Each structure stands twice: as C-alpha cells, then as structure tokens.
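Asks: The primary structure of each chain is shown beneath.
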Amino acid sequence: MKSFFPVVTVVAAVLLIWIIAVVPMNMHLTADQAQRDGLAVSPDTPIARQDFSGLGLAVRNSHLIPLTYVNVRPRLPSPHQIAIELYDTVIDKKITSKRSLVYHGWVTLAPTLLGFAIGTLLGIMLAVGIVFSRVMDRSVMPWAIVSQTIPILALAPMIIVVMGAAGIQGILPKAVIAAYLSFFPVVVGMVKGLRSPEGMQLDLLRTYHSSNSQGFWKLRLPASTPYLFASLKIGISASLIGTIVAELPTGAKAGFGARMLVGDQYGQPILSWAALFAAAITAAALVGIIGMIERGTLRQMGMKPA
Amino acid sequence: MYERPKLQSLTPSTTPTQDADGLSPLVIRASNLDLTFQTNDGPVHALKDVNLEVNKGDFVSFIGPSGCGKTTFLRCIAGLETPTSGALSVNGMTPDDARRARAYGYVFQAAGLYPWRTIGGNIRLPLEIMGFSKAEMGERIKRVLNLVDLEGFEKKFPWQLSGGMQQRASIARALAFDADILLMDEPFGALDEIVRDHLNEQLLQLWARTEKTIAFVTHSIPEAVYLSTKIVVMSPRPGRISDVIESSLPRDRPLSIRDSAEFIAIANRVRDGLHAGHGQG
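From first to last, the protein sequence lines are chains D and V. Per this note's numbering, the very first residue in the first sequence carries number 1; after that it's consecutive. Per this note's numbering, the very first residue in the second sequence carries number 307; after that it's consecutive.
Just so you have them, the derived chain D footprint on chain V, three or more residues with Cβ under 8 Å:
#1 414-425
#2 429-439
Restraint-style ranges between C-beta atoms, simulated for each label pair:
#3 Gly170(D) with Glu442(V): 53 to 61 Å
#4 Gln466(V) with Ser196(D): 18 to 26 Å
#5 Val146(D) with Asn346(V): 29 to 37 Å
#6 Asp403(V) with Ile145(D): 38 to 46 Å
#7 Thr297(D) with Gly469(V): 23 to 31 Å
One side only, chain D facing chain V, incomplete, derived with CB under 10 Å:
#8 Met200
#9 Asp203
#10 Leu204
#11 Lys218
#12 Leu219
#13 Pro222
Derived by calculation from the structure, the hints in this document are not laboratory data. Every value quoted in this text rests on a predicted model; they were computed, and no experiment measured them. C-beta atoms are modelled at their ideal positions from N, C-alpha and C, and glycine is treated no differently.
Can you build the whole structure from these sequences, using the hints too?
Replies: And the structure:
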C-alpha cells in the first residue's frame, strides 16, 4: 500500500496532460463540425483554419472548447468517452453479444493463457536442458536469443497462414505466437535461477555424495523459484501482446486485436481506445494474479518476500 | 515432488586403520602431498610436501595466513580437491571413497542453510539424501538440535535465527548422519568474538560428548590453542606445514584456561611458527 499515493499521483498527472491535449488535438474536427451546425467559427473556412495550430484555433474559438470533448469520432478521445465506452461494452452488453468486450476479452485471454502455459513449460524444459547439458547450453541459447530478434509482427501472419494451410485454426495458432514470446523470459530467468546456487551449496551436496537429480529437486529447483516468478510476470504480458499481434494482421473477427483494427478501419477511435485499455487492464490483472501467487508461494516456502 | 531417496545401508563404513603398533587408530594420513592448481596466471603451488597423521578423537587445527593452503588441505581430505601427487587416506580409504561412504560432516564458513527449509528441514537434507527412514530422521533431528543447544527451533526458518544460531544449525546438519569425522572450515570466522567464545566452548563440549575426530581451519591463534589437541601451523607460497604442536593442555578446558601460562606458551609457539613461515615466504 506504500505505493498507493505515488501511483495515484502519476495517474493523475497523465490524466491531466491527456485532458489538456484533447483540446488542440480535436480542435480542427470540432470547428468543421461546429460550422456545419451553424455556429460561428473563426476563421470561417476549413482551408484558412489549416494554417492554424490546434492551440491557436482553441484560443480564437474558446466557446468551442467544451465541444472538443464530445466528438463522435475524435482524433484523441477524452478519458470519459473511453470510460463510457468501456462501461457500455463491459457491463451493459450481454457477454454473448459481439459488441461485448468481455466476449472479445475471453477470445484473446484463452489463447493467451494456453500460449503462456506452453511457453512456460517449454521455457522450463529448455532451461533444465541448458543447465544440465553442455551441448544444449552451446546450441539452444543462441537460437533462443535470435528467435526474439525477429519482429513478431512479420512472423505472426506467417505462422497463422502456415498453420491454417495445415488445417490448424482457432485458438492454437494464436497460442503458438503467444508461447513464442513468453518462453524466452522463462528460459533466461530459469537458467539464471537454476545456476544461482553458489559453489559452497554445490560442495555441500557433494560432501553428502548426492546424485544429480537430488541436487536438482532439493537445491536447484527451489533456489530458482523467485527467478521463475519474475520471468512469469514478463512472460504473461508478452503472451497477451503476442495474442493481440496475432489477431491484428490476419482479419480475426473477434478479440482485442480485432476490436482495435475494426475501430481503426471504420473510423471509430473510441472503440480502439476502449479495446486498448481493456487489454492493458487485463495485462495488469494477469501480472497482479501472478504476483499474488508469488507472494503466497514464497511465504509457503518460508522465504522472506524480496 | 521430491524423488524418493535411494535406500542405503546405515552401517557406518568407517573402519579406522590401525597404526603399526596397533594401538592408536589413524584417521587421516597424508604423506608427501602436493597440489598445484593450473590457473590462467600460470600454476599455483597450493600444497607442497605435506605430511600429517591424525588419530581418532584428535582435535586438529590448521592455522596460517590466507593462501597457506589450510582450506585446500581440508578440501583434499574431503575429496573436494584432488592432490597432484602424494598419498592421502581417510579412514583407510581414498578421500573420494571416504566421501562416497559419507565418512565426514563438513561445516563451511557460511552456514549455507536453505532459506526455503526450516531448521529441522535443513538438518533433514543430508538424511533425505542418504535415505534414512522418516522415524529415524525425526529422532536424529531432535538429538542433534539438542547437541547444539537449539531445541525448540526446529520449525523456525533460517532468517529468524541469529548468525551464531545459524552456524550451530549447520553444525547440527553436519552431525546428523553420524560421521566420525567433522571437517570445519573457519566456521566461526564471520561471527563476533563474544559469540565465537561461546561457540568454541560449546564445540569442545560437543567434541567431548561425541568423541569425533575434528579438523578445524582457523586464522585465530587463541581459537586454535583453546580448541586443539594438535595445532598445525602452515605458511604460504607454496602452502606447507611449518610446525606441528601437540597441545599439553588438559582435555577439559574452561574459558579461563586462556589466561594460564601454559596456554600463553603454546600461543607464543604458534605465533613464532607463523612468523618464521612468513619470513621464509
């Protein structure tokens, strides 16, 4: 709770900047509309107004400023417009409706969670291999790093198309892309975690003449737990981003990515922004849930939470 | 989630070799021991021509400046390092066989308790690895906690204990599986002097009660003289033994013995040995 006030302060500052920015960003659109509605606008032709900045127009037409907050198709929606859209599509709409963000959220969340599970499992397995096998250490790690340098935006449609050609559609292609992004932080974190026991700890086990598998289960794995959770937090948000990216370029009909694209294509920025916020809130919630599991697990293990 | 430990025979595999006269069983014997580490800066002569015999029930201290090879020698005894040449036997076996036979308990400079295990759980660690039965584990944990004066702390986690208590728990861990030999590498080096005095006193009592053979690395002259029946003075570059002092102090030693003339005389001889070694180095 110590971070409550700093967080609120930052959020308030961002909101303030946003609210101020709405005026100049939307001024030209608002002035055009006001003129069509028969209000006095200065200067009085759109071409003449092009020479003015948004701020300059706002100063000259201060009576139009309130109207910049209620544009139907604003360049920058005001926070309350997004809040209303979110309320409308999350709370009011039935979750079976195609306009419900809860419905779209689930369409995105399911492959995110599946991809996260696949990525985490793959990441842990690769990390164990890398720690115990010299060959894998030399061969797998460079490829894992290279895999993350390929722009996912370019790769995602290829994966979808290739898997589609093989008859695999629906949740799995998106989950594969989510896994592709989330396995990497798990590999890196788990390799570091499994290697975290110092020489003394390993020597102690040697004095007991313990086997490699005993060393793994009794020392390396428990020692890696805090590292694993740090990776999982990065991994789950990467999974969500992967799923959304997978929805963007492939003409997906549902999901946060599809909503963002629809809003863009049909000139409804409020729709895109609402989807964007819903995705951000979902990501924050997922990271928060993992943080809670982390605290619970570490407390259960008797370790002081870092 | 833990795999089931393999069952092992619990009979102590320690069969001390008899000396030539058949009277004092020899536990550790090193002859003409040499150890050279190959490093990036060229070879480092860590041990040179080390000869030593340790009898059953001895309390041997290794003392010397850093770099004299005292810890390296202890690690050789433990089978954690392999000498380049010379012969070393522990309980009549090679050090590596002795390690496999779990002939010794090793106490490191840091307690090194697992933070995710309770004190009892930490002491259970070697017992799990060696495959003791559940009932026996519980019994042994109780017994060694009593030996190091930590009854009632079984369910506490390491961070809830002071540094001195943690080190006592790590000694209990080394005692839990009843090895005859206790190897201790500067176990109290990181503790303040008051705690250290107290632990030294307790260690002597523990040694008297358990009749173990203890090899103890230290860089404190009073600690070495107070604890030991045999003091091995070592000097650096290359690491070698410059003096071996058989202590004439009685086995029963109150802390006040450190003011006796005999104690001071032995301490002076240790100091002389250290200076001589330093001069040559």
